[in-house]
Every structure is written in structure tokens, then in C-alpha cells.
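K.L.:
Could you build the full structure based on these sequences and the hints that come with them?
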Amino acid sequence: MFNELWFLIQKEFRLEWRQKTMLTGMLIYVISTVFICYMTFKRIIDVPTWNALFWIIMVFAAINAVARSFMQESRGIQLYYYTMVHPAAVILSKIIYNAALLISVALIHLLFYSLFLGNEIQDMTMFLIGLLLGSTGLAATLTLVSAIASRASNSPSLMAILSFPILIPLLMTIIRFSRNAIDGIDWVMNASYVYVLLALIGMVVTLSYLLFPYLWKD
Amino acid sequence: MKNIWWKAVCIILLMYTVTMGFLGDVPAMAILNESIRNLYFHVTMWFAMMILLMVNLYNSIKYLGDPVLRTDEIAEESSRMAMVLGILGLLTGMVWAKYTWGAWWVNDVQLNGAAGTMLVYAAYFILRNSIEDEQKRGRIAAVYSIFAFAMMIVFIIILPRMGDSLHPGKGGNPGFSSYDLDHRLRLVFYPAVIGWTLLGVWIMNIRLRIRTINKSLES
Numbered sequence: 001m002f003n004e005l006w007f008l009i010q011k012e013f014r015l016e017w018r019q020k021t022m023l024t025g026m027l028i029y030v031i032s033t034v035f036i037c038y039m040t041f042k043r044i045i046d047v048p049t050w051n052a053l054f055w056i057i058m059v060f061a062a063i064n065a066v067a068r069s070f071m072q073e074s075r076g077i078q079l080y081y082y083t084m085v086h087p088a089a090v091i092l093s094k095i096i097y098n099a100a101l102l103i104s105v106a107l108i109h110l111l112f113y114s115l116f117l118g119n120e121i122q123d124m125t126m127f128l129i130g131l132l133l134g135s136t137g138l139a140a141t142l143t144l145v146s147a148i149a150s151r152a153s154n155s156p157s158l159m160a161i162l163s164f165p166i167l168i169p170l171l172m173t174i175i176r177f178s179r180n181a182i183d184g185i186d187w188v189m190n191a192s193y194v195y196v197l198l199a200l201i202g203m204v205v206t207l208s209y210l211l212f213p214y215l216w217k218d
Numbered sequence: 219m220k221n222i223w224w225k226a227v228c229i230i231l232l233m234y235t236v237t238m239g240f241l242g243d244v245p246a247m248a249i250l251n252e253s254i255r256n257l258y259f260h261v262t263m264w265f266a267m268m269i270l271l272m273v274n275l276y277n278s279i280k281y282l283g284d285p286v287l288r289t290d291e292i293a294e295e296s297s298r299m300a301m302v303l304g305i306l307g308l309l310t311g312m313v314w315a316k317y318t319w320g321a322w323w324v325n326d327v328q329l330n331g332a333a334g335t336m337l338v339y340a341a342y343f344i345l346r347n348s349i350e351d352e353q354k355r356g357r358i359a360a361v362y363s364i365f366a367f368a369m370m371i372v373f374i375i376i377l378p379r380m381g382d383s384l385h386p387g388k389g390g391n392p393g394f395s396s397y398d399l400d401h402r403l404r405l406v407f408y409p410a411v412i413g414w415t416l417l418g419v420w421i422m423n424i425r426l427r428i429r430t431i432n433k434s435l436e437s
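Keeping their order, the protein sequence lines are chains A and B.
Numbering-wise (my numbering), the first sequence opens with residue 1 and increments by one.
Numbering-wise (my numbering), the second sequence opens with residue 219 and increments by one.
If you are wondering where the hints come from, they were derived from the structure by calculation, not from laboratory data.
Among these hints, one or two may not hold up.
Claimed, not checked - Not close to chain A: a few residues of chain B, all C-beta gaps over 12 angstroms, as computed:
#1 S348
#2 R425
#3 R429
#4 T430
Claimed, not checked - Computed cross-link-like contacts, DSS-like style, restricted to lysine-lysine with a CA-CA straight-line distance of at most 27 angstroms:
#5 K280(B) <-> K217(A)
#6 K42(A) <-> K217(A)
#7 K433(B) <-> K354(B)
#8 K433(B) <-> K225(B)
#9 K433(B) <-> K280(B)
#10 K354(B) <-> K217(A)
We put the CB at the ideal spot given by N, CA and C, even for glycine.
P.N.:
Here is the structure:
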């Protein structure tokens, strides 16, 4: 299974490298949104607003990007996978690929966001850890939701409906954590949010591993 | 008519709840005053909702293991009934919030958790409606419902423990168990939970029977 997983991850990255549509699309989306925010706000001094806007842009970018991960594949390819590989390898490879994609987008997003709207972050390491965990969590949750949505009709709109309520616990934790990082609050206070985030990611990955086999057999 | 006993129990328990809820003795508390009686309605409806959501979870898992259409129908109807109880619990909670905290809606983790749960199950019904094939609908809805339930547990049980809440027993507030020195509240509370749950199961049962009749009329 690990060989399959490794091949599928390589395949995802190679496909991305050849087409470059997903990454560039997401980057243009994020940068233009940040630029629009810059033109409306100029600079954001208020920490909660800065933080909330950062994550809202991130969530919308993530939903748009991850929604495509199952819908872009034709039924033929999915049938081919079905005969060739273990289902868990498919979902895990997509989660890992989406996590890598979202982390890189999040970093570039942070760069442009602080360039245009100002940077009030006091504990940068902590904020980056939050960014890493948050992007991974978003990727894991949205990959499973996209697998669910791709099975139903009118899936693009369904993707947003299904993912928003499920993302709320993750978002609330990550927004609180990164707000504490911006305010420079000590690890003693903030570490518990890291545990919750890790537990959430672990839970979502385990559930994906267990539930995905039921989703892809037709 | 052979299974009538639990319906009788349901009626008796709910009559008891309403009578004792409005007329029984309650501990005299500052701020809460007589509004403490809402404990018998608001909290118990939430308990009944959680029990019905567990019925939904159980049937969803069961459906994935053994896809029988009836299991999926039970899962759908139980979550629908849970939604009704949830809305009632939310409304009674809002009334309570107005008279003790001063606003219909306060920014409290628990309230947001409740609203989030409603949204999750609303999405569950939309997902169900967008899949035509019955077998496929059951399977995909079951996957979403298991996933949603896990997230909901985090949302309404773990997260509220982390932040401050206005609710009793959290954020330094004393819980109801410490008010209830002579167990008067408990004597009504637990029967009320059972009563509301049985009422939910009863309505669910009738809806399932209507579905069976409709199906046999169609074929």
C-alpha cells in the first residue's frame, strides 16, 4: 500500500507540474483578493479583523482548490484506480497533495497579505505553525467533503454547502490560535489549541481512511 | 396494539414533566428565579436530540455494513426528528437567555455550537435530496453523517470546554448539580429526557409507517 501511496503522490505532483493550473489559479485568486482588500482597507491595524480576513480568504481559496481534486477526474480514471490500487492510498495521496498545495499557497498568501495590509504578528514561529496545521486541517477535511460532493449531482455548489458547517470547529480553533500568536501570547497558554488541531487532523484522516472505501464503489 | 405500553409511558412522563415543570417546587436562585424551570424543557430537549442523533449515527454505521433500505430510512427520520427537537431546544434556550443574560442571542460557544449543528444537519438533508439513486444516497449520506457527527462532538463538547461560556458548569460558573442539593430537579429532569425521546421515537415511527404505506401505494 505504501508503494501505491508513493506512486499516487508522485502522480499528483507531476500532473500539477505539467499543467500548473491549480497553483497559479489559486495564487491569482489569493493575490487579487488581497489586492481588493488593500484598495478597500489600505491598512488593517485591528488584530481580530486582520486575522479573520486572512483566514476567510484562505478558506475560500482552499474550497475552490480542493473541490476540483475529485471532480476533475473522469469516471474512466476512477474505474482504473478502482481495479488497480487500495482506496486508502487514493484518499491519503490526495490529502497529502492538497496539504502541500495549501501550505504553499498559505505562505504566499501571508507574504502578500503582510505586504499590502500590514503585519502585526508578534510571534512569527507560532503563527507559521498555526498556518501549517491550519492548511493541513483544511486540506484533510475538504478532501473528504469533495469526495462526498463529487458523488452527488450539482456538486460544485454542494461542496460549499457541505464544507462550511463542518469547517466551523477547525476554523474556530485555528482563528483563536493564530490570534494568540499575533498578540504574542506564550506557549503555556496556547499549546492546548495545537493539541486540539492535531487531534482534529488525526480524526479527519482516520475517518477518511475508514469511510472512503464506501464512497468510491458504485 | 401490542406495543402500546411505551406510548403510554411517554404520555405519562410528559404530563408529569409539564405539571411538575410549572407547578413543582424549585430551588430559589438569584437571577435565575423561576426561569430555572426551563431546565426541564430546554436541556432535556437537547438531550433527546443527542439521543436521536446517536440513533442516526448507529443506523448510518449499520447501513455501511449491511445496506438495507429500511436502515437508511430510520437514519433519515431520526435526524429529522432530532432537528425538530433541536429547533425547539434552541427556541426555549433563547427565551431563557433573554431573561437571564439579557439578550435573545449571546456570543457563547455553546450557542454557536448549537447553530453549527443545525447547519451541519441542514447540509445533510440537502445532500440527500441531490442524489437520485436510493442505494447510493443511503451510502453517501451515511458517510457524511458519520463525519458530521464526529465534527459535531468536537464542536459542542470539546471546544466549549476550552473557552469561557455563560452556561452553568463552564468558565468558572457553578453547574446545576451544585444548586440541586435535594435532587428535586433531577426527579423531573430524567423523566423529561425519557419523555421527549419517546415522543421523538413515536413521531418517527409514524413517519416511517407513512413511508411504507406510500411505497406500497406507488408499486
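K.L.:
Hint by hint, which ones does the structure fall short of?
P.N.:
Result: hints 1 and 6 break, sorted rising.
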